[in-house]
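2 protein chains.
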Amino acid sequence: VNLKLFPPPKKKDSQVQVMEDTVTNAEKSFSQFCSLLAAYTRKTARLRDKADQLVKQLINFANTENPEMRATLRNFAEDLAKVQDYRQAEVERLETKVVNPLKLYGVQIKQTRAEIKKFKSVRNNEIKQLEKLEKLRQKSPSDRQTIAETSVQRASVDASRTSHQLEETVDTFQKQKLKDIQKIFSDFVTIEMVFHAKALEVYSSAFQTLESYDLEKDLEDFRAKMHGVYGRYDARPPVMDTTLSPALPWSLAQSAQSTIQSQRKEAVSEDDSAEEDPVEDLRGQAQGLHQ
Amino acid sequence: VNLKLFPPPKKKDSQVQVMEDTVTNAEKSFSQFCSLLAAYTRKTARLRDKADQLVKQLINFANTENPEMRATLRNFAEDLAKVQDYRQAEVERLETKVVNPLKLYGVQIKQTRAEIKKFKSVRNNEIKQLEKLEKLRQKSPSDRQTIAETSVQRASVDASRTSHQLEETVDTFQKQKLKDIQKIFSDFVTIEMVFHAKALEVYSSAFQTLESYDLEKDLEDFRAKMHGVYGRYDARPPVMDTTLSPALPWSLAQSAQSTIQSQRKEAVSEDDSAEEDPVEDLRGQAQGLHQ
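Protein chains in written order, with the UniProt record's numbering: chain A, 1 to 291; chain B, 1 to 291.
Calculated directly from the structure, the hints in this document are not laboratory data.
Where hints are given, some of them may not hold.
The list treats identical chains as one, so a pair stands whether inside a single copy or across any two.
Unchecked claim - Dumping the calculated SDA-like pairs for lysine to any residue here, alpha-carbon to alpha-carbon at most 20 Å:
no., residue 1, residue 2
1, Lys132, Ala51
2, Lys179, Pro141
3, Lys183, Leu219
4, Lys120, Lys132
5, Lys97, Gln153
6, Lys175, Ala148
7, Lys97, Thr169
8, Lys82, Thr41
9, Lys97, Glu211
10, Lys179, Gln208
Hey, can you work out the whole structure from these sequences and the hints?
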């Protein structure tokens, strides 16, 4: 009798235990990773919402200020809005490339668990059958021994094949699991890196905007207004008229924001002519930051 | 009579209106900026909390995995924890340099408002007195005209001085306000820039950690375990023994985390010897990102 083919039940039981533990642990862990990363994504979206409110409030406030501060705050608000656009992209990417794959994982694990259960039950039946045949063989009269031995051998081969299939299923599962962990967390890190790099770039420009603000020019305007002399601003409408009401819907504020683009270009060219050396130095430094 | 000194009431009223509008608008806007930025800071703290939970879960999961994935996930968890340390610094700096100055601003505005009110009432009394004296002067017999004129002149000088003081108060307020806006938002941008730069740096290292993960080595270990052959891991305790219970308090998980440091150094030197060219290329690229 080819006893090498006879699967040692004790060892095989602990092997099945390792397989089942692997799948159970993966199921629990991936479900926790999924809810934590979904929550992380939601908190990021909340942060974006707050910053969006800050953008609106900056635009409202800018419209009550004199031209110099108005331009500075509008440019700053525009940069802050840009960072939120990148944060929105971060949120969408986290959902697509991190949270959704983790959700799909749950389905895959359930399938593997079902397969293990099926193989396990098939194998147990095969082992029982094998034991029955073995007893039968021992009791068989000598002329029937050869036939009995053949049956045992056949059953033994079946049981061994099933064990092997079970092993392969779990091996494939483990390989895919390890690959997926690496992929999902690499994607997480890449998404975060892209966001941080973009935010750094935009804030560098925002920093320059705020640094190049000309306080004295603004104070002149304020003093002129306080004395009722509008001087160089005769042609402009009164500042309060362009105030956005805080109750204004975001869509309107958005369209107001889009008009900033053209106004901003004027402001930039004005700034350029009035540019001083320290500002030029700063710009160089800030550019160095994201090279 | 020196009528130039006589303050024209209409113009002065609109001037006081501009002053009061300036202060009222600043009070409203700064209080809104204060609550929005406090909320932004709180949302950032919530994001940090979620990521801290993810760190704990990564460490728990790492402890159930084979050595290769265990080292990779622990290093990744450590980097993720570092980013949260920087986020914590961001939260503290936002509170100290952005939210608190905006809170203090509320106090300063109330003082300015009280000063304006006081000057306004003093000036109104002075103007009334001036009008009374002017009527008196017109009715005065000619021999008393000179005395009456002197009184009018004196009252006129007083009223003018008070107006000037009021103007100076508001001028100082406006100057300080514009400086503070620039300072507070520049600080906000600087704090955000520092955080994003640090996060980018740490995630670049995390990316390398995940990229250098050796799947095949890990699968060998898994297969050996599944066949009950522990081979090269004979000296090591069974993997499940080091599992951190999910119910374990954070303080314990933290101390477990601190032991990672030394283990991590070993892992890094192991990684270096097994390093392949594509990883080296990637490291170069990632370093280029934050130069």
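Structure-based check of all given hints:
no. : hint             : in the structure
1   : Lys132 to Ala51  : neither (73 Å within a copy, 57 Å between copies)
2   : Lys179 to Pro141 : neither (56 Å within a copy, 108 Å between copies)
3   : Lys183 to Leu219 : between (56 Å within a copy, 16 Å between copies)
4   : Lys120 to Lys132 : within (18 Å within a copy, 109 Å between copies)
5   : Lys97 to Gln153  : neither (50 Å within a copy, 81 Å between copies)
6   : Lys175 to Ala148 : neither (41 Å within a copy, 105 Å between copies)
7   : Lys97 to Thr169  : neither (26 Å within a copy, 57 Å between copies)
8   : Lys82 to Thr41   : both (18 Å within a copy, 19 Å between copies)
9   : Lys97 to Glu211  : between (38 Å within a copy, 17 Å between copies)
10  : Lys179 to Gln208 : between (44 Å within a copy, 15 Å between copies)
The structure fails hints 1, 2, 5, 6, 7 (numbered hints given earlier, in ascending order).
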